[in-house]
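Trainee: Numbers in our numbering are just positions in the sequence shown, counted from 1, shifted up by 75.
Calculated directly from the structure, the hints in this document are not laboratory data.
Glycine residues also receive a C-beta, built at the ideal position from the N, C-alpha and C atoms.
Among the hints, a few may not be true.
Stated by the list, open to error - Computed beta-carbon distance windows for the label pairs:
#, residue 1, residue 2, range
1, GLY336, GLU173, 51 to 57 Å
2, PRO298, GLY336, 42 to 48 Å
3, GLU201, ALA223, 45 to 51 Å
4, ALA103, SER331, 28 to 34 Å
5, PRO298, SER135, 43 to 49 Å
Stated by the list, open to error - With a straight-line cut-off of 25 Å between C-alpha atoms, the simulated BS3-like cross-links for lysine-lysine are:
#, residue 1, residue 2
6, LYS253, LYS236
7, LYS237, LYS253
8, LYS237, LYS254
9, LYS236, LYS254
10, LYS256, LYS236
11, LYS237, LYS256
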Amino acid sequence: MESSGGITEPPGRGPRVLVVGGGIAGLAVAQRLCGHPTFRHLRVLEATARAGGRIRSERSFGGIVEIGAHWIHGPSRGNPVFQLAAKCGLLGDKELSEENQLIETGGHLGLPSVSYASSGGGVSLELVAEMGTLFYSLIDQTREFLHAAQTPVPSVGEYLKKEISQHMASWTEDEDTKKLKLAILNNFFNVECCVSGTHSLDLVALAPFGEYTVLPGLDCTFPGGYQGLTNHIAASLPQDVMVFNKPVKTLHWNGSFQEAGSPGETFPVLVECEDGSCFPAHHVVLTVPLGLPTSSAGSLLGSSLSSWRRCRTRKYSSL
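Sequences are here, hints too, so could you generate the full structure?
Mentor: Spelled out as structure tokens, the structure:
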């Protein structure tokens, strides 16, 4: 039978499942479901012409340039990304060594060996280390509010600025040195925003901040490119599972949709693509990024969506 999307479906009955998005999440879902005999009617609708999503290794520059994800945070036995990469043979001996897996980083980036001000002049490494110690000690303090009944302020950013203001009261240096200290601290703020995946730490809630688990292991890269991981998963799928160049416009659910090739059968979900093709299904797994804008998400999920709750999470891999 053939759906309105032009995809020939195999004969036989069973739940029809559609996965929206061919990034690492969608690929992982497809791989798991393909290994189960119940889910014989599975398709992954990918908007672009390639699988991998935000994982993309570019080789047109004479080497490997990571356009998306760069490294594995905490490459050790508790990290599923590391375990999968090791199983696929994508890491080198150094990354796989027991010594590398046991290194405790505390979840904080190492201090730079050289620092410069915006004027081009060098900055004392002792001063950078002093501000780094202050900043990361305050970051560690934020984890104490994980199980607290209430927090002094709503966000991590507000808490850090409040504590830093109190420390500033005891600074005895000249005004230029104080300004330099604040500039260094501001840089640590920016780095932490990158780690937490946010534009501002004022947007990161203080109460759940301590849920982030720091895994041991010195962060490592993929010698052959991060995309080798998603390529390996995609290659393990049946050839007809991936459907490329199918950006999804809207998901309709709680309906009773029919298909010409399946007389008498109804489907509760209908996936409508931007090119006009439609895919009826019994189940849909949506794997869009957490950062999808509210307006886009509302459009994608259609009129059935009453609210879109934006959430934020910190991850131990850089996906």
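Trainee: Evaluate each hint against the coordinates.
Mentor: Against the structure, the hints:
no.: 1; hint: GLY336 <-> GLU173: 51 to 57 Å; in the structure: 55 Å, holds
no.: 2; hint: PRO298 <-> GLY336: 42 to 48 Å; in the structure: 47 Å, holds
no.: 3; hint: GLU201 <-> ALA223: 45 to 51 Å; in the structure: 35 Å, violated
no.: 4; hint: ALA103 <-> SER331: 28 to 34 Å; in the structure: 31 Å, holds
no.: 5; hint: PRO298 <-> SER135: 43 to 49 Å; in the structure: 18 Å, violated
no.: 6; hint: LYS253 <-> LYS236; in the structure: 15 Å, holds
no.: 7; hint: LYS237 <-> LYS253; in the structure: 16 Å, holds
no.: 8; hint: LYS237 <-> LYS254; in the structure: 17 Å, holds
no.: 9; hint: LYS236 <-> LYS254; in the structure: 15 Å, holds
no.: 10; hint: LYS256 <-> LYS236; in the structure: 13 Å, holds
no.: 11; hint: LYS237 <-> LYS256; in the structure: 16 Å, holds
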